[in-house]
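Q: For reference, the chains in residue letters:
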Amino acid sequence: MSQQYLGSFEEIVLLTVGILHDKAYGVAIKEEIEKRLSRTVRLGALHATLVRLENKGYLSSAYGEPTKKRGGKRKRYFTVTTYGQKALKSTMQTRQQLWESIPGFAFE
Amino acid sequence: MPKSLPPPPRVAQRLLKWFCHPDLYEQVDGDLNELYAKWQEDDKMKYPRWAYAREVLGLMRPRLIRTIPRFSIHLHPRDMYKNYLKLAFRNIWRNKAFSSINLFGLAISMSVCLLLILIINDQYGYDSEFEKKDRICRIVSERTSKEEGKVTKLATAPMPLAQVLKENCPFVEEVVRIKRRFGGEAVFQGKTVPLKGIYADQSFLDVFDVIWVAGDATDALTTPNTVVLTETGARRLFGEQEAVGQVIEVTGTGTFLVKGVVKDHPTRTHIKYEALASVSTLAALEKEERIYASLDNWHNLNDNYLYLLLKPGSKHKALNPILEQIVDQQYDEEDQSTYAYHSQALLDITPGPSFSNQLGTVIPEIMLYFLMLLGFIVILSAGFNYANLSIARSLDRAKEVGIRKVSGAFKSHLTTQFLIESTVFAIIALGIACLFLEFLIPAFLQLDPNISRVFALQRTPGVYLSFLGFSLLVGGISGLLPALHLAAFNPVKVLKGVGNIRVFSRLTARKALIVAQFVFSMVFVISVFLAQQQLTLSLNTDLGFTTEGIVNVDLQGNDYEVVAQALAANSDILAISGSSNLPATGSEDRNPFKNLETGESISITNFAVNRAFIPNLEIDLIAGENFPENASKEQEQYVILNEQAVDLLQLTSPEAAIGQLLQYNDGPTLKVIGILGKFHYREASETLGPFALRYAPSRLTYANVKLSSQNVHRALTGLEASWKEVDAIHDLSYRFFDEDIKEQYTGLLITMKIIGFLSLLVCSIACLGLLGMAIYHTKSKEKEVGIRKVMGATSSQLMVLLSKGFVKLILLAAVIALPIAFFVNQLWLETFAIKVSLVGGLISGFGLMLFLGLLTIISQTFKAAIANPIDALRDE
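If you're matching them up, the sequences are chains C and F in order.
Counting with this note's numbering, you get residues 1 to 108 for the letters of the first sequence.
Counting with this note's numbering, you get residues 1 to 876 for the letters of the second sequence.
Chain F with its partners taken away, still in its complex shape (with noise of 0.2 Å):
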């Protein structure tokens, strides 16, 4: 007999020997050994491991496994349940000054986070309320610029692809064209009141589950000049009046019949409306060159959508080999760019990847994903806080976890005890969070009146589930570290004395806790200091001209000599200019220029003015002059250059370029007669391309108007009336230039806005957090405190002696913080032509929190260290 025979398999007699019941395993594993030994000698067995395993698994059966122990069964858990909860009820009571800071910072944070939660509920949510919203995509567009290389992404589309795809994709079922830009003022009987609306198909209706309240929905967008208005649009101008066969007037695109009323759209749906428009209206303006062509254009994708209702049952993306044989068949290789067109679901839109041009505003996801990891941060905060404090108050708990045990109480029981009491404070947390969200949903819709209109920010019963989970949730996580710890006390070393048991076993833990901690606030602080810096930066660099006292009037298309002419004979209009646009807010026009000589082209920023500009905003010219005086009004003539224009239409240094001939937009040629010097024709935080002023009085849309500072209230109610001679039908539309200025920098105030909040959130819970350990620790030290001072150690030394842990702690946090907050604050402020330095913000971020960390120490270890020591040292 071969003695060289493989064992049985190991993995399954250790199974065996796990699951097997104990009393019958002696005579189970017997039986397989025997088994065993005979298969192998057995020649027709060919696998006897195999064999045995499975008989192994067979072995299976439920009278044949050990019973799991129930241990509890003379308990009912419902008893011990109760029991637990009303324990949680009596320790977050007793413990006032534990409870509060945990619950004060749980429930901010969760506030917070509840917020957040709603925010991305609400993204989610968007264009969700369309009946065929899996059928409808969004035709978005990719140029890519030949000369560049640059490639940017629109969510716009050339508007004659939509004859295109609807005679070539089969499964297309309706192409419904969009151009956005109607409106702006309507007038009706005389009345002038703001409108905003679209140019959209007659299939709108139909693919956007337009509801009509009154008129007729066949054809209403199928003729020239017919408008659709939604309920408020039509009260705005009607009041209580029948709109339907009204016929009303929108400034600068004509007059429109109005054919009918809608309800209003859904509130989250990035397509809104006042009105719709016949995208026919589009034709005639087109023809009378008041607006770009974009009806048979390929090249225009500035302001057009299309949006494709399919088939039932057919993929968006099938649609994209389609449009790429398009682009073959219609553009060619002499375009400036490149263009290739893909498709959008419209459930991927909000929230979704970032394009330009979008109709309405789209939350970049990006924004969405940043947001949430703020709240993760923030939440994850407090719920270090609770891990650490419950883990230091452990001590006070021990006695109860041992007289548990010894009664028989196990592990599990005391974890599930633990995990309870967590819970039961997270849900308290949750009411007081609903409260502090009442008040923060308000500040924050008024935070910019853009937010309210981009949410709606319901609260349906499904939401308040949502946040009953996530704050079980966020009980359950916080609570199982302390649970943890808690239950694996030693009942004997806690019940021999209070003295032998490790308070601080878990030291590392909770140090990086607090670590982590503070190393959140310090990037926080020292990201909105340098927001703060930077901000102010911005607004006080010298943007080489002067805004100060000037009002821009939007002149709605009158003559700017007719209007400067009524305002000229105000005494406290100090002097008029006009142009139009207006640096430093944001709006630019480009056109090529070509130098005659070099017959270099480029495509330059321009604005037109009159000669008065440069003198009322008071702007530098390095070389040359202003516009001459006796310059044609009619014909364009003179230019004035930029250093950067110079430079790249290769015409050598200021001085030569004066009098260089330039042709402008393939029309009129243009003479140099003067060089620009700083002129910030964009935002300061931008850097500066190449630009020029024309000399065109003819195309002047504001008039700026320097106002005496001695009363300019005054000043503008001359303004009114002398505007009022002008034009009886528009009101006055001004706004100061500084504050027009100043409005580009929302986006950075909101967010410093809302990261300065989030910081002094992350701030407060570090510190609650830092003081509570502070508290705990003091108070295990009273006695060593008490007997070191009747031994001669001073107050001074004593309270060195129980900060230096903590400081050490801070400073760890800076060492961490630092070099974080240096990277990301880099990040975004590259983006700025003018920086602030990093260091400043570093440093005071640092001081900052260094100053509230050692403020929080010292209120607890100063108490310790004048306490008298015989309070401590009494009962020994």
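If we strip away everything but chain C, and leave its shape as in the complex, we get (with noise of 0.2 Å):
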């Protein structure tokens, strides 16, 4: 459990490449976040994330075909891994659990 352990932004850009599947890349995961959650994403935070996640096993990535409109430069896909997914479910559950947890009369 310990090790599945997800910071709160690189959970919602996990999240969010699971929302885009495979259109999931740099701009599009931004673009999304900032609709989706209304703040703002620096470009430099994203990408450290990303290649962080990456280096963990969460996501995996292929190269796409060049475009005009990015210079001529190859689009990067994430896909989350099968070992993303299971991180996020224990996230979730953990989450799950801790709420389940309180007792009835603690939040009213």
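Hints listed in this document are in silico derivations from the structure and should not be mistaken for laboratory results.
A few of these clues could be false.
[Stated by the list, open to error] So these bits of chain C aren't anywhere near chain F, every CB distance computed over 12 Å: (1) Leu15; (2) Arg36; (3) Gly57; (4) Glu100; (5) Pro103.
[To be verified] Derived coverage of chain F by chain C (criterion: at least 3 residues anywhere in the stretch with Cβ under 8 Å from a Cβ of chain C; other residues may be distant): (6) 58-66; (7) 119-128.
A virtual CB, placed ideally from N, CA and C, is assigned to each residue, including glycine.
From the two separate chains plus the hints, produce the assembled complex.
A: See the structure below:
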């Protein structure tokens, strides 16, 4: 459990990659997060997190085709690995358990 | 869609490419391009270019930037350094000729630099031992004479300023008045000893941290005729006896009650004393007219100093406006000069700007800078040698470099290795230099008695630390050029065959180094030659009077007539005369003389003499005659002028001047009775101004005794015996006239010794450098020489071939050095009235350096030229 710890921004990025399914690349992820969470995302922060998640094995990536819009540069598409999915689920479950452990009267 | 949109900022793009990790660059750059295109279409985004730049900067994160390649990960750096050190020692050991040339040069020049560091450290530590040093300042003066517009900067200040400052400046805590020239000789129970001291206020004791050994500090210096002695002074006067409460007599000043004994002042202070007398003593002395009035005199800036202790937190500069106001109040239009006063912080005094009337010896700042420059030149020269010889040796090291590179060493490794080598060198040289220093310091201190009084040259751990820092710096800088040169070898070329590398590829740089060294050497040598010649010239100049066999006896307050009578009985004494000053020894008094006919008044240097003075010193008169025999001894009546005085007093011609009347110092009227021919009352080096000899037998302070040359020793013993009859208390004090005059050139002599020593150093370093170059040059041409010889070249042809290049360098150095030497020496020679011609010095300096250079080169080329060619060609 403890090895699968996810930071909150890491979790957001991982989930967004999941949302975008096979269209998840830098700018798309950035805009998706900005749209859904109404916060700005620095490209630097995003890429740093992507690198970290990939190093941890939660993400895998592959190059797409180069486009003119990107100055002839290829997109790099990210997909959530099975290991990543497990990490997300375990995080969610942990949260769930924590929620359920709160006594009924505490949040009233 | 408008097509002419600006591209993203280029700087940001390049920056990104530079720092971004190559694996990430493509996607990141692509993302940025896509975003940028969107921003340009977005109306809300005003500055897309700025946004782009901001995003680029935001990408500078540890995870995203290029990792710095770490090559030596597999090697522990400590092991490599150990290896470098070992190699450094091996290389030093293996090339003994090279190493000793370098070590010797470096060590000697380093020892000189170490001495300079000591001197500079010493000077900047002056006065820093006083506890209140940051709050003490002194008042300095600037006197501008209205007549000539000449500005004199003085370390002195008028005495009454003290009271005014105390009343008008709320932030002045204490004022200390100091007057120099207390003492001379002190007498206690019939024993006379020299004692040097100052007059000072009671506040001196507190401001300058005087530490009491015996006696009571309160009111020690408030009443007249009290004195406080330092331990040195007290020991000299009283030995082991109790000092406090004793009464001593100070010759010519009066009797003093010893109020206490204090610890000696620190060595590094400009205020030096063995005794402190109360300032209030001066009042009585001034009343009796024994000294020139100063206590209430706003115009006396001769011997008085004002030191102020400021309240904590106040700035000494704040005194300046107050001082300006005071000047306005105290001086009026009728004064001959205008005065200005400034404050000077205690710590700015030594080293500091040059002032006249300094209290104690203060070395001017400019002198220190000059010394620093000399030291810099010396060490630069030695550093050049190291660089030069190391590059020359690159032939030997080329294979080593090649193999190291092939085995995976990078340029940076090799640079480090060679830098470590040069640093090891410098540290060994430092060790030797420290040894040399122990011999150098006593030699330096003995140059002149004054030097040991001014310099303490303490060797503290801090100083040694700075030595170490200095040697590391020298090692690093001198090793840099060879390190970069050697590390840049291409391993393939080097390993294919040593013949392929161009050893002399940096020839221009190395030629420049040799030339620079010879330029320095030549300038030095020429300067020494000129100084030597000037000194000889100055000493041998006809001063217009004879000094032969003349001994000047200080009368020490005795009546001249009495002394003369006692001495006259001695058959070894040929003649005797009296004077108030001694010509050409640097003492002079000036007083106004007024031409009664025209009313013209000028200030003239004058001596009081008796009748025998002119014949005794064999002085020529061009008009008129010596003072008459029957002249009154009490009432001054006669004066003898020199030609300059005749001109300035508008007396038309020497002949016409005879019989004219002059008023001396607003006092007696004097008749001009004779005109002097050539008479150097000042040193030969200085220009002569107006001068007068007054007939005033009551004002003599020296007896000029001419001794028979047959037996000087017997004459002096006789002189001593005769003196004892006259004055049993004082010891006879005499000096040979010619030695006294010579002493005027001590400054020049010391400078000459120092520059002479340095030039010897620079020359030998330059020659060592040249020697090293010649060794490697001939060695690299060994085979060429062998082949030429086999083909029929003669030894002399070969020598010319090998030496030609070096001779050209020396000649080039001469072309640069001669004009520099000319201008530099012109500067100081200007100040001499009689000066040697520059040409002689230039030629001899150039000749000497050419000779030394040729000797060095030929020693090597000769060996190569006469060698048996078979030795060089055997291996082919």
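Q: Would you pick out the hints that fail for this structure and give their numbers low to high?
A: 7
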